[in-house]
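Participant: If you read the protein sequences in the order shown, they are chains A and B. Yeah, the first sequence ends on 216 if you go by the working numbering, and it's all consecutive. Yeah, the second sequence ends on 1243 if you go by the working numbering, and it's all consecutive.
Think of the hints as simulated: they come from the structure by calculation, not from any bench. Wrong hints could be hidden among the right ones.
Unchecked claim - Heads up, simulated DSBU-like pairs for lysine-lysine below, C-alpha to C-alpha not over 35 Å straight-line:
{"id": "1", "chain 1": "B", "residue 1": "1125", "chain 2": "A", "residue 2": "48"}
{"id": "2", "chain 1": "B", "residue 1": "1070", "chain 2": "A", "residue 2": "48"}
{"id": "3", "chain 1": "B", "residue 1": "1119", "chain 2": "A", "residue 2": "115"}
{"id": "4", "chain 1": "B", "residue 1": "1214", "chain 2": "B", "residue 2": "1125"}
{"id": "5", "chain 1": "B", "residue 1": "1125", "chain 2": "A", "residue 2": "142"}
{"id": "6", "chain 1": "B", "residue 1": "1113", "chain 2": "B", "residue 2": "1125"}
{"id": "7", "chain 1": "A", "residue 1": "46", "chain 2": "B", "residue 2": "1214"}
{"id": "8", "chain 1": "A", "residue 1": "46", "chain 2": "B", "residue 2": "1081"}
{"id": "9", "chain 1": "B", "residue 1": "1187", "chain 2": "B", "residue 2": "1228"}
{"id": "10", "chain 1": "A", "residue 1": "142", "chain 2": "B", "residue 2": "1081"}
{"id": "11", "chain 1": "B", "residue 1": "1228", "chain 2": "A", "residue 2": "48"}
{"id": "12", "chain 1": "B", "residue 1": "1107", "chain 2": "A", "residue 2": "115"}
{"id": "13", "chain 1": "B", "residue 1": "1070", "chain 2": "A", "residue 2": "142"}
{"id": "14", "chain 1": "B", "residue 1": "1110", "chain 2": "B", "residue 2": "1228"}
{"id": "15", "chain 1": "A", "residue 1": "115", "chain 2": "B", "residue 2": "1228"}
To be verified - Going by beta-carbon spacing under 7 Å, a handful of chain A positions derived as facing chain B:
{"id": "16", "residue": "116"}
{"id": "17", "residue": "119"}
{"id": "18", "residue": "123"}
{"id": "19", "residue": "124"}
{"id": "20", "residue": "125"}
{"id": "21", "residue": "130"}
{"id": "22", "residue": "131"}
{"id": "23", "residue": "135"}
{"id": "24", "residue": "138"}
{"id": "25", "residue": "192"}
{"id": "26", "residue": "194"}
As the list claims (entries may be wrong) - According to the in silico footprint, chain A covers these stretches of chain B (three or more CB under 8 Å from chain A):
{"id": "27", "segment": "1093-1105"}
{"id": "28", "segment": "1151-1157"}
{"id": "29", "segment": "1195-1208"}
Backbone N, C-alpha and C fix where the C-beta goes; we use that ideal spot for every residue, glycine too.
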Amino acid sequence: MEAISVVFENLPFLLMGALDTLKLTSFSVLIGLVLGTLIGMGRLSKIKVINVPSTVYVEFLRGTPLLVQISIVYFGLPQLGIQLQAYPAAIVALGLNSGAYIAEIVRAGIQSIPKGQYEAARSLGLTHWQTMRYIILPQAFKNILPALGNEFITLTKDSSLASVIGVTELMRRGQFVITRTFQTFSIYFGIALIYFLMTFTISRLVRYVEKRMAVA
Amino acid sequence: MSKILEVKNLHKSFGNLRVLNGLNLEVGQGETIVIIGPSGGGKSTFLRCINHLEEYQKGEIIFLGEKIDKHHSNLNEIRTKIGMVFQHFNLFPHMSVLENLILAPVKVKKISKEEAIEKAKAMLKKVGLLEKIDAYPDNLSGGQKQRVAIARALMMEPVLMLFDEPTSALDPELVGEVLEVMKDLAKSGMTMIVVTHEMGFAKEVADRIIFIDKGVVVEEGTPDEIMKNPKHERTRNFLRHIL
Chain A
1 MEAISVVFEN LPFLLMGALD TLKLTSFSVL IGLVLGTLIG MGRLSKIKVI NVPSTVYVEF
61 LRGTPLLVQI SIVYFGLPQL GIQLQAYPAA IVALGLNSGA YIAEIVRAGI QSIPKGQYEA
121 ARSLGLTHWQ TMRYIILPQA FKNILPALGN EFITLTKDSS LASVIGVTEL MRRGQFVITR
181 TFQTFSIYFG IALIYFLMTF TISRLVRYVE KRMAVA
Chain B
1001 MSKILEVKNL HKSFGNLRVL NGLNLEVGQG ETIVIIGPSG GGKSTFLRCI NHLEEYQKGE
1061 IIFLGEKIDK HHSNLNEIRT KIGMVFQHFN LFPHMSVLEN LILAPVKVKK ISKEEAIEKA
1121 KAMLKKVGLL EKIDAYPDNL SGGQKQRVAI ARALMMEPVL MLFDEPTSAL DPELVGEVLE
1181 VMKDLAKSGM TMIVVTHEMG FAKEVADRII FIDKGVVVEE GTPDEIMKNP KHERTRNFLR
1241 HIL
């Protein structure tokens, strides 16, 4: 019984961490979306100086561990004279990382739109950018919404890695409680439940938006 | 009759595949040209070169006295003067009929939204679809989609209209309504190049029929000349197959 009550006693403290997790994730997804959209389009560019760096970016960030990336940003950059606090460092690392994954999602989304859409828009005199903005990306976004939802969920979970650089998100706060109470199982399990509640809510939200957009 | 378009010695290949092999054509103001020919003969590619959806390797395309090639400084502006209608309509499915029509006038020509809407209504009336102004493309029949696509192209007030097999994706009973709109357009004096095998349409409105095969103009003439008295064996063979 004590094992369960320990979770409830510390619930407000843990929920504060959950809020930080959500904030951290949301900011990172925002960065990831902007970055991913640009790089995703860059991957499809015929211009080499745009295409090659985009590809290198995606391959490198997908091919290296997030934990290492976080460490580079927080512990490594100060040696180059760029000093970031733990929280912004985590946002930067997570944002850069999700940018790579979202870039691939966006690329697939753009490629899912029939070529005729692009041609029709260009034949009306729209520029490449106008065509992307008004014709291709809005349609692509609808198609990739489920994949973006997945990425949001993955990032929510991965944000727990920010605990290693001292960001007081959910995981970190759980560890604080454990060092005080030694209730490893119930606290970790409690944290798992809170993560699950967050990801489950996100997945429901995404599905709701998906349905709304399918009607429109 | 002033010249709208002049194509000289046009060559185009996709990799090793040579599609256009020195194609020549002149189109005068108000002319309706119908292009026929076997599939794979270069008809569509030729149309797509005119508004530079495809690049070409050799030759010249001169539209209103300006050379259209990849070095042209403002292809987007040229494209606003050349309307194109596609086989598969290519309406924007995430936009209503009205939004499809006003997007380019507002974003490219920068006319006011109110003015664009008024114009869109007039244009939809012309193609008989005013009641569909708020519909989405998915809720239109093929014939209606193509008529909207024609209206969308006309919104830019083009000087030249290109039709790339506009009725070949349609159920037979829907072909007529699209051809009617095109006939009206031709009779109103629009300069048109139409790739189609609708010989009835060609007979009624074409000033000239062009037979293209293997990337060159094999034969050209009035509908009467081509349909009753084709000079070339290839033209005769082709006509036998489609008539």
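Participant: Looking back at the hints listed earlier, which ones does the structure fail to meet?
Facilitator: 1, 4, 11, 14, 15, 22, 25, 26, 29
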